[in-house]
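Engineer: Residue numbers (numbering that gives the first Met the number 0), protein chains in the order written: chain A, 0 to 187; chain B, 0 to 187; chain C, 0 to 187; chain D, 0 to 187; chain E, 0 to 187; chain F, 0 to 187.
It should be emphasised that the hints constitute simulated quantities derived from the structure, not laboratory data. All figures in this text were calculated on a predicted structure; none of them were measured in a lab. C-beta atoms are modelled at their ideal positions from N, C-alpha and C, and glycine is treated no differently. A hint or two may mislead.
[What the hints assert, rightly or not] Under 7 Å between C-beta atoms, here's a sample of chain D residues computed to sit facing chain F:
#, residue
1, L19
2, Y22
3, E23
4, V129
5, L130
6 protein chains.
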Amino acid sequence: MKTKWINKIIKYDGSQLRPLFGYENFNILGNSIIAWIGPCEIPFSNMKDLEDVLAVSPIRGDFMLHFIVEIFHQNLFSGVSLQRLFASIVKDEIMEMMTVKKSKFKLFRDGDDIYCLDRKLSISIASQSVLSTQIHFAVNVTNEGTPVKTLCLKDLKIEPEILAKMILKKFQTEYNSIVAATMKVRSL
Amino acid sequence: MKTKWINKIIKYDGSQLRPLFGYENFNILGNSIIAWIGPCEIPFSNMKDLEDVLAVSPIRGDFMLHFIVEIFHQNLFSGVSLQRLFASIVKDEIMEMMTVKKSKFKLFRDGDDIYCLDRKLSISIASQSVLSTQIHFAVNVTNEGTPVKTLCLKDLKIEPEILAKMILKKFQTEYNSIVAATMKVRSL
Amino acid sequence: MKTKWINKIIKYDGSQLRPLFGYENFNILGNSIIAWIGPCEIPFSNMKDLEDVLAVSPIRGDFMLHFIVEIFHQNLFSGVSLQRLFASIVKDEIMEMMTVKKSKFKLFRDGDDIYCLDRKLSISIASQSVLSTQIHFAVNVTNEGTPVKTLCLKDLKIEPEILAKMILKKFQTEYNSIVAATMKVRSL
Amino acid sequence: MKTKWINKIIKYDGSQLRPLFGYENFNILGNSIIAWIGPCEIPFSNMKDLEDVLAVSPIRGDFMLHFIVEIFHQNLFSGVSLQRLFASIVKDEIMEMMTVKKSKFKLFRDGDDIYCLDRKLSISIASQSVLSTQIHFAVNVTNEGTPVKTLCLKDLKIEPEILAKMILKKFQTEYNSIVAATMKVRSL
Amino acid sequence: MKTKWINKIIKYDGSQLRPLFGYENFNILGNSIIAWIGPCEIPFSNMKDLEDVLAVSPIRGDFMLHFIVEIFHQNLFSGVSLQRLFASIVKDEIMEMMTVKKSKFKLFRDGDDIYCLDRKLSISIASQSVLSTQIHFAVNVTNEGTPVKTLCLKDLKIEPEILAKMILKKFQTEYNSIVAATMKVRSL
Amino acid sequence: MKTKWINKIIKYDGSQLRPLFGYENFNILGNSIIAWIGPCEIPFSNMKDLEDVLAVSPIRGDFMLHFIVEIFHQNLFSGVSLQRLFASIVKDEIMEMMTVKKSKFKLFRDGDDIYCLDRKLSISIASQSVLSTQIHFAVNVTNEGTPVKTLCLKDLKIEPEILAKMILKKFQTEYNSIVAATMKVRSL
Numbered sequence: 000m001k002t003k004w005i006n007k008i009i010k011y012d013g014s015q016l017r018p019l020f021g022y023e024n025f026n027i028l029g030n031s032i033i034a035w036i037g038p039c040e041i042p043f044s045n046m047k048d049l050e051d052v053l054a055v056s057p058i059r060g061d062f063m064l065h066f067i068v069e070i071f072h073q074n075l076f077s078g079v080s081l082q083r084l085f086a087s088i089v090k091d092e093i094m095e096m097m098t099v100k101k102s103k104f105k106l107f108r109d110g111d112d113i114y115c116l117d118r119k120l121s122i123s124i125a126s127q128s129v130l131s132t133q134i135h136f137a138v139n140v141t142n143e144g145t146p147v148k149t150l151c152l153k154d155l156k157i158e159p160e161i162l163a164k165m166i167l168k169k170f171q172t173e174y175n176s177i178v179a180a181t182m183k184v185r186s187l
Numbered sequence: 000m001k002t003k004w005i006n007k008i009i010k011y012d013g014s015q016l017r018p019l020f021g022y023e024n025f026n027i028l029g030n031s032i033i034a035w036i037g038p039c040e041i042p043f044s045n046m047k048d049l050e051d052v053l054a055v056s057p058i059r060g061d062f063m064l065h066f067i068v069e070i071f072h073q074n075l076f077s078g079v080s081l082q083r084l085f086a087s088i089v090k091d092e093i094m095e096m097m098t099v100k101k102s103k104f105k106l107f108r109d110g111d112d113i114y115c116l117d118r119k120l121s122i123s124i125a126s127q128s129v130l131s132t133q134i135h136f137a138v139n140v141t142n143e144g145t146p147v148k149t150l151c152l153k154d155l156k157i158e159p160e161i162l163a164k165m166i167l168k169k170f171q172t173e174y175n176s177i178v179a180a181t182m183k184v185r186s187l
Numbered sequence: 000m001k002t003k004w005i006n007k008i009i010k011y012d013g014s015q016l017r018p019l020f021g022y023e024n025f026n027i028l029g030n031s032i033i034a035w036i037g038p039c040e041i042p043f044s045n046m047k048d049l050e051d052v053l054a055v056s057p058i059r060g061d062f063m064l065h066f067i068v069e070i071f072h073q074n075l076f077s078g079v080s081l082q083r084l085f086a087s088i089v090k091d092e093i094m095e096m097m098t099v100k101k102s103k104f105k106l107f108r109d110g111d112d113i114y115c116l117d118r119k120l121s122i123s124i125a126s127q128s129v130l131s132t133q134i135h136f137a138v139n140v141t142n143e144g145t146p147v148k149t150l151c152l153k154d155l156k157i158e159p160e161i162l163a164k165m166i167l168k169k170f171q172t173e174y175n176s177i178v179a180a181t182m183k184v185r186s187l
Numbered sequence: 000m001k002t003k004w005i006n007k008i009i010k011y012d013g014s015q016l017r018p019l020f021g022y023e024n025f026n027i028l029g030n031s032i033i034a035w036i037g038p039c040e041i042p043f044s045n046m047k048d049l050e051d052v053l054a055v056s057p058i059r060g061d062f063m064l065h066f067i068v069e070i071f072h073q074n075l076f077s078g079v080s081l082q083r084l085f086a087s088i089v090k091d092e093i094m095e096m097m098t099v100k101k102s103k104f105k106l107f108r109d110g111d112d113i114y115c116l117d118r119k120l121s122i123s124i125a126s127q128s129v130l131s132t133q134i135h136f137a138v139n140v141t142n143e144g145t146p147v148k149t150l151c152l153k154d155l156k157i158e159p160e161i162l163a164k165m166i167l168k169k170f171q172t173e174y175n176s177i178v179a180a181t182m183k184v185r186s187l
Numbered sequence: 000m001k002t003k004w005i006n007k008i009i010k011y012d013g014s015q016l017r018p019l020f021g022y023e024n025f026n027i028l029g030n031s032i033i034a035w036i037g038p039c040e041i042p043f044s045n046m047k048d049l050e051d052v053l054a055v056s057p058i059r060g061d062f063m064l065h066f067i068v069e070i071f072h073q074n075l076f077s078g079v080s081l082q083r084l085f086a087s088i089v090k091d092e093i094m095e096m097m098t099v100k101k102s103k104f105k106l107f108r109d110g111d112d113i114y115c116l117d118r119k120l121s122i123s124i125a126s127q128s129v130l131s132t133q134i135h136f137a138v139n140v141t142n143e144g145t146p147v148k149t150l151c152l153k154d155l156k157i158e159p160e161i162l163a164k165m166i167l168k169k170f171q172t173e174y175n176s177i178v179a180a181t182m183k184v185r186s187l
Numbered sequence: 000m001k002t003k004w005i006n007k008i009i010k011y012d013g014s015q016l017r018p019l020f021g022y023e024n025f026n027i028l029g030n031s032i033i034a035w036i037g038p039c040e041i042p043f044s045n046m047k048d049l050e051d052v053l054a055v056s057p058i059r060g061d062f063m064l065h066f067i068v069e070i071f072h073q074n075l076f077s078g079v080s081l082q083r084l085f086a087s088i089v090k091d092e093i094m095e096m097m098t099v100k101k102s103k104f105k106l107f108r109d110g111d112d113i114y115c116l117d118r119k120l121s122i123s124i125a126s127q128s129v130l131s132t133q134i135h136f137a138v139n140v141t142n143e144g145t146p147v148k149t150l151c152l153k154d155l156k157i158e159p160e161i162l163a164k165m166i167l168k169k170f171q172t173e174y175n176s177i178v179a180a181t182m183k184v185r186s187l
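Okay, chain A solo, but in the shape it has when bound (with noise of 0.2 Å):
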């Protein structure tokens, strides 16, 4: 799996979660994560999550970070499972800042959200094409702009990039152990 941080401030309007995006846009070429932060602003007429539409829940923030994961040759069940485990990913690394921090915060996941007690942190879809299935995950990085009640990086003085890298190499690693462990295993 391939990994790169955008150093450059991009609007996700919904349009970014499509196949070979990264490949398109940063010649990222096969199985990757990618990060950046920006506005999020999603016209329904975009959204994925059918939910959503019928629900008519606007998403956006004014700053977010963003990341989309693409995997190849996978099914949405892999898919949605791995944004799961993407999201359980990114609350423990909180936490674990948050620890070092001695702060109070105390985030947990459900399904693909991250709360703090009614304050919600993050959005997410995963979702499914010919060739590849993709994640879009992004953290509040303000509560600016945010639909709901929210959490923010900024509140609890987390520096985004910082997290963002941390987390491209950890779901990295993550992917990569669990390709390997498909591949080492006897059949039942």
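Position chains B, C, D, E and F against the provided structure of chain A, taking the given hints into account.
Structural biologist: The following block gives chains B, C, D, E and F in isolation, referenced to the frame of chain A:
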């Protein structure tokens, strides 16, 4: 996903990780997670992880809390992804219980293992048959009989049955919500 | 499998055979079969069967009983196999109703079509999207507006809603028992 | 799909439901349906349906008409769907023969079984190996030796070889048209 | 596998590489290889290989021999493997013809391309839709209009139609024997 | 793809074509190609190709250059396609070496076999397990002990180890470029 707590001591020797074990023995038909308590001793001929076989690493413990997950018609990449998520759920659940108890042990997940510093709390394997992918995950109830430096639920003052029932429920909810998430999104 | 009888006239123009139609419009999440009554007229641009397009065969009827089946994460070979089975169930159900009425019409299935001698009772198509396989199956309620020699439920004195509800239930039972049958056998 | 009527008495003991049985014994390479007549007695160790094993239901008959279908590179969901369709074809074919004979027996299909009232006419199983999905379907030629209340072809005055050849041809046509139907539609 | 030589000049602009092109235009249903002669000019919007798009490499030639292979229900890994094999067959066939002519040109294959020293003889792409994998492969008939240093059939004194018909036949034989080879082996 | 030249005589008796052979014996984890020299004698019980078993064709040779390819999570259609491509690479590589030597032997590939006129240079089989597809390909080093008219590397004055190392490298490059080609195209 069906769940079942088996109120009976069963020794785990690796042969339980076979297709339809839950259906054959407890009449659980379909995707399922079952749990029970019992000793663990896996002869090398039953080990599925060739890495352990090659390293001649014995796998045993006098008393462990066992889980077997069986998911039909999914591949091993999914199975291992779910296994990692399962480990994460177990770790979080134990951490949650310890917070309530104001206990100080701090756990972390490394791949499919849970540790406290250098003490190993759990063992796990995921493999595949023609029709299903299966996960075995077991947590030390005591430290007796383990071949490495271990941590156990007794150290943590956690009742295995209570933990098991929490996890059965959590994983059932997680699995069901993963499946739902694969059937409500527009493709990319 | 979820079922739903939609008590509303909806014109079928082929655009209803799209992924998540049931979820988007009737909040039916997951594998499902839905049914309703309405006119049918499919422009060539919406036809999925290229055989019909190449033969320039119009597909229409002033009043038909429509079914849409959506099965996730299965391929089109499964979808077409189920479609044939569905046609068989519809034929058997109508035959059963006619036996009760001591009616003389004799139906037979040919692939995905149901006939009485040279009179066509139904139309059907199965196709595939990235995430699901879908079947449209429709039975003439009247003979008006059909481009070929047809038979209709009115000829058979069958109330479409009663037939629809029987079939929804039968197909649900069949589908659920098919799924169960894939999870209780030893592999070969 | 290839078909073959095997003009030889062969006892079915469950071991015939193995990959490449038709190729190994009758040089039928590829997707196929073969049929023959012979006694049936399946030891529990050869039973593929764990439901029967758990219920300790013996499966036997002194004289049955056997079919084995083997389809490569499809999954068990397809296999079971085809099995149900096969049962439907057998039932319809027999009903058709009885109409000609002006016989009064009325058959119905329940899942993979064919009944006349409470008398069982057939047995069936579908399972999966690494490379193919296989179906065994057998119809009682006589009622001798069956462990439950049965109906047989002799009761219906149907010559098994004639029925077999009709069904081989019908299923071949059905299978070929299913495959064709997967290669002429636009995706959704 | 069906084959068809299309005795008509058709310009290739990339839009021909779409599912069911052979069925829609030449009534070839199923797995197929078709061939024809015509100019080639692919606008960037029709290019499937993002590598070419990113490199802004034009793809054209005034006169080329075109092949389109369509294989249903296989993945792109298979498609690309077959594409490489196809390139190998074309190269071998041309080499064979040149041996007969005692010609000195020596060809080699590099991935999906055929070269003579630094002169490129062919272009190719393989991609995937929901229901099929497709390959376009084209050989220069003349060197006019090509954007790079090329070799052409005219240089080799090879009649394109003769070559095309040889290759249609060779690839059909190869494909059919590959399929047969997947249905006559014991699994491991 | 990993490659390994095994500098040790190992007799090939068919049992080496088993999942994880490379990992178990040489610690090669994942998609791989390995090669070594040794005698070949495959008892019928170990033969995977039923065609050979049915024809009672012995497979042996006193000294052969063996290759085993193992690719995880791909089907047998892919495996056989790769096998044919592998045979093509071996043939081209030998032809290339002979051109340099100004040797006159002319080889051709027929399916998975390489011949010089009616003399057979190689044997091969591809099959499938639950988790991987595997290819065995072997080239005669000498003609001793072969049951049919053969050609061997000694006839061609080719050093087996040199050939093996060239092919390991070529196939690794080919495989890696195939995988890359599945992750850089727009779907159709």
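Engineer: Verify the interface restraint on L130/D: the C-beta must sit less than 7 Å from at least one C-beta of chain F.
Structural biologist: 6 Å, holds
Engineer: Does the interface hint hold: is Y22/D within less than 7 Å of chain F, judged Cβ to Cβ?
Structural biologist: 6 Å, holds
Engineer: Taking the least C-beta to C-beta distance, is L19/D closer than 7 Å to chain F?
Structural biologist: 6 Å, holds
Engineer: Go through the hint on E23/D and say holds or violated, using the shortest Cβ distance to chain F against 7 Å.
Structural biologist: It holds, given that the least Cβ distance between E23/D and chain F is near 6 Å, below 7 Å.
Engineer: Given V129/D was flagged as interface, is its beta-carbon under 7 Å from a beta-carbon of chain F?
Structural biologist: 5 Å, holds
The structure fails none of the hints (numbered hints given earlier).
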